[in-house]
Amino acid sequence: MHAIETRSLTKHFRSTWRRRVVGLDHLNFAVRENEVYGLLGPNGSGKSTTLKLILGLYRPSEGEAEIFGMGVERTASRTRVGYLPENPYFYRYLTGEETVRFFGRLCGMRGRRLEEKVAELLALVGLEAHRHRRLAGYSKGMLQRIGLAQALVHDPRLLLLDEPTAGVDPIGSIEIRDLILKLRGMGKTLLLCSHLLDQVQDVCDRIGILHYGKMILEGDVKDLLARREQFQFICEDLTDPARTKVREAIRASGGRIVSEGNPATTLEQLFLQSVRSADRGKAVASGATRPVDLPTAQP
Amino acid sequence: MDTPTPRRLGFSFGRLWTIGRNTMTEVIRQKFFYILLVFGLVVIASSHFFAQFSSAEQIKFIKDFSLAAITIFGALIAMVGTAELLPLELDNRTIYPILAKPVHRAEFLLGKFAGMAMLLLFTILLMSLIFAGLLFYTERQLLAGAAAAASVPGAEVSPGEIAAQILQQTRDFALLKAIFLIGIKALIVCAISLLISTFATSVIFNVISSVIIYLCGHLEAGARQASLGDQSPVVRALMRVIAFFVPDLNAFNLADAVVLGQHIPLRLVLNTAGYGIFYAAIALAVALVIFQEKEI
Numbered sequence: 001m002h003a004i005e006t007r008s009l010t011k012h013f014r015s016t017w018r019r020r021v022v023g024l025d026h027l028n029f030a031v032r033e034n035e036v037y038g039l040l041g042p043n044g045s046g047k048s049t050t051l052k053l054i055l056g057l058y059r060p061s062e063g064e065a066e067i068f069g070m071g072v073e074r075t076a077s078r079t080r081v082g083y084l085p086e087n088p089y090f091y092r093y094l095t096g097e098e099t100v101r102f103f104g105r106l107c108g109m110r111g112r113r114l115e116e117k118v119a120e121l122l123a124l125v126g127l128e129a130h131r132h133r134r135l136a137g138y139s140k141g142m143l144q145r146i147g148l149a150q151a152l153v154h155d156p157r158l159l160l161l162d163e164p165t166a167g168v169d170p171i172g173s174i175e176i177r178d179l180i181l182k183l184r185g186m187g188k189t190l191l192l193c194s195h196l197l198d199q200v201q202d203v204c205d206r207i208g209i210l211h212y213g214k215m216i217l218e219g220d221v222k223d224l225l226a227r228r229e230q231f232q233f234i235c236e237d238l239t240d241p242a243r244t245k246v247r248e249a250i251r252a253s254g255g256r257i258v259s260e261g262n263p264a265t266t267l268e269q270l271f272l273q274s275v276r277s278a279d280r281g282k283a284v285a286s287g288a289t290r291p292v293d294l295p296t297a298q299p
Numbered sequence: 001m002d003t004p005t006p007r008r009l010g011f012s013f014g015r016l017w018t019i020g021r022n023t024m025t026e027v028i029r030q031k032f033f034y035i036l037l038v039f040g041l042v043v044i045a046s047s048h049f050f051a052q053f054s055s056a057e058q059i060k061f062i063k064d065f066s067l068a069a070i071t072i073f074g075a076l077i078a079m080v081g082t083a084e085l086l087p088l089e090l091d092n093r094t095i096y097p098i099l100a101k102p103v104h105r106a107e108f109l110l111g112k113f114a115g116m117a118m119l120l121l122f123t124i125l126l127m128s129l130i131f132a133g134l135l136f137y138t139e140r141q142l143l144a145g146a147a148a149a150a151s152v153p154g155a156e157v158s159p160g161e162i163a164a165q166i167l168q169q170t171r172d173f174a175l176l177k178a179i180f181l182i183g184i185k186a187l188i189v190c191a192i193s194l195l196i197s198t199f200a201t202s203v204i205f206n207v208i209s210s211v212i213i214y215l216c217g218h219l220e221a222g223a224r225q226a227s228l229g230d231q232s233p234v235v236r237a238l239m240r241v242i243a244f245f246v247p248d249l250n251a252f253n254l255a256d257a258v259v260l261g262q263h264i265p266l267r268l269v270l271n272t273a274g275y276g277i278f279y280a281a282i283a284l285a286v287a288l289v290i291f292q293e294k295e296i
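First to last, the protein sequences are chains V and B.
Position one of the first sequence corresponds to residue 1 (the numbering used here), numbered consecutively onward.
Position one of the second sequence corresponds to residue 1 (the numbering used here), numbered consecutively onward.
If you're looking for bench data, these hints aren't it; they were derived computationally from the structure.
Note that the Cβ used here is the ideal one computed from N, Cα and C, for glycine as well.
Be aware that one or more of the hints could be misleading.
Pulled a few chain V residues facing chain B out of the computed Cβ check, cut under 8 Å [said to hold, decoys possible]:
hint, residue
1, TRP17
2, PHE29
3, GLY71
4, THR75
5, TYR83
6, PRO85
7, GLY108
8, LEU197
9, VAL200
10, PHE231
11, PHE233
12, CYS235
Construct all of the structure, not just a fragment, from the sequences and the given hints.
Okay, structure coming up:
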């Protein structure tokens with residue numbers, strides 16, 4: 001059984017003058033259990049429409065969608081789904097703790113079980129220190145993290161994340177990426193919509209690219225990105241004579257060197273290293289930043 | 001082990017209550033609510049200073065003025081507060097994470113109504129307490145005045161008679177009946193406004209429509225008469241539509257009868273309340289049908 005399966009899922013909208021606009025065009029795709037699936041595409045390609053159809057917020061014009069084998073038109077299908085909307089807006093007058101508690105109650109949780117879950121999730125997303133602060137005072141990154149906490153409150157097997165790092169600074173963005181990896185490690189299935197392709201590449205097992213409401217490419221990230229006709233070594237402490245020998249060996253075996261040089265670090269790593277060294281030995285100044293260790297940049 | 005997903009999810013009053021309680025907090029935090037509530041309380045309290053008549057007329061004036069103030073401010077809070085409920089949820093996108101949870105749309109909409117209804121109950125109760133306090137204060141003042149007047153040698157009316165007259169007017173059970181029906185009327189307004197907000201595109205449109213329906217509701221009895229009269233067929237048809245769709249809100253107005261000291265049978269009050277609850281239930285049912293199909 002798939003976590004998500006759509007069959008010929010189609011959505012039409014009516015524009016001004018009642019013209020029909022195709023939002024999603026006979027979409028067929030499936031998300032397997034315990035995988036991270038990245039749904040990519042330019043603005044207006046149908047990513048958010050797909051999520052809203054899966055969540056029952058829109059009704060399909062044609063076709064159907066299922067969550068763990070149950071039609072999405074049933075409210076019960078959402079007992080196993082957690083959703084983080086793009087730029088999440090919650091009630092600004094509630095504190096972080098009250099927000100998670102509110103969503104927990106909506107999922108039928110009460111008493112000690114709910115209180116334990118609230119504490120556990122606030123710890124998971126690193127907001128324990130800000131649990132009594134109103135959301136009106138939260139930064140964008142903190143809102144995303146509280147959004148993740150509310151999405152996880154009923155311990156769903158499937159998480160739908162719409163642009164989870166939109167507007168978040170690089171450190172917050174990496175933290176959310178690490179959280180996604182942690183959640184996959186906990187056995188969750190994730191469907192992720194994002195514009196940040198590097199991040200999708202880092203965390204997704206499979207991707208699908210939507211364009212004008214149609215799936216134009218789908219497959220395993222590694223398969224899609226691998227260039228099997230090429231190979232690269234990254235070496236340390238290689239002397240000039242050794243380099244010459246390697247070149248000669250490649251040529252002698254019939255290979256061709258396409259490029260060589262010093263690999264550059266990524267801007268992300270440079271940014272993290274700079275911030276980390278500036279923070280070293282200092283207390284973190286703002287409550288909006290993390291009181292915990294900075295995340296580790298992926299190589 | 002993972003528990004299996006239930007095939008059906010029943011209606012939950014727990015979820016409805018959670019949404020209702022949050023709706024109350026949401027409306028209480030809005031400025032318009034304080035402004036209307038404070039203004040309503042001030043208007044009720046001020047009736048004491050306007051009334052400078054004889055004792056009987058002073059009590060009548062306070063009753064009339066205060067019941068009118070409770071009616072108007074209750075209806076205004078119901079209209080403005082309810083009109084904003086759904087548009088705010090949609091504009092702020094706070095509705096997405098809620099409906100993405102296992103929450104029926106009926107629970108959400110009825111939760112919003114329940115929250116607003118609880119707030120109206122609280123508001124009307126608060127205004128009624130101020131009214132009761134004012135009535136009690138006036139009663140004490142008048143009783144003291146009457147006692148002083150009766151102690152003058154040659155007074156025509158005994159102090160006991162005056163006191164009985166004053167107490168009969170101030171401690172009138174009919175006042176509770178009138179306030180009860182004001183509450184039911186506010187609930188009808190709330191249901192109508194919620195119904196409009198399921199399809200209206202703007203809050204202003206909703207408030208204006210609610211005000212028009214409210215005014216038409218007070219002219220409903222006249223419309224019913226006119227629909228049977230000898231006006232042009234168009235006017236008669238229009239009056240028939242108004243008489244059919246708009247509730248007779250005048251039926252909920254017991255202020256005149258209370259002020260005049262008329263007897264108000266309990267059966268009449270209960271029948272009128274039943275009519276109001278039935279009308280509100282119909283409005284909510286239509287709102288649910290529309291909201292169920294609405295694309296969020």
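To see whether the hints hold, each was checked on the structure:
1. TRP17: Since chain B brings no Cβ nearer than about 17 Å to TRP17(V), farther than 8 Å, the hint is violated.
2. PHE29: The hint is violated - PHE29(V) has no Cβ within 8 Å of chain B, the shortest such distance being about 20 Å.
3. GLY71: violated (10 Å)
4. THR75: holds (5 Å)
5. TYR83: holds (4 Å)
6. PRO85: holds (5 Å)
7. GLY108: holds (7 Å)
8. LEU197: With a closest approach of 25 Å, the LEU197(V) hint is violated.
9. VAL200: violated (22 Å)
10. PHE231: violated (43 Å)
11. PHE233: Result: violated, 45 Å to nearest chain B Cβ.
12. CYS235: Violated, because the Cβ-Cβ distance from CYS235(V) to chain B comes to roughly 47 Å (cut-off 8 Å).
Comparing the model with each numbered hint stated earlier shows that hints 1, 2, 3, 8, 9, 10, 11, 12 do not hold.
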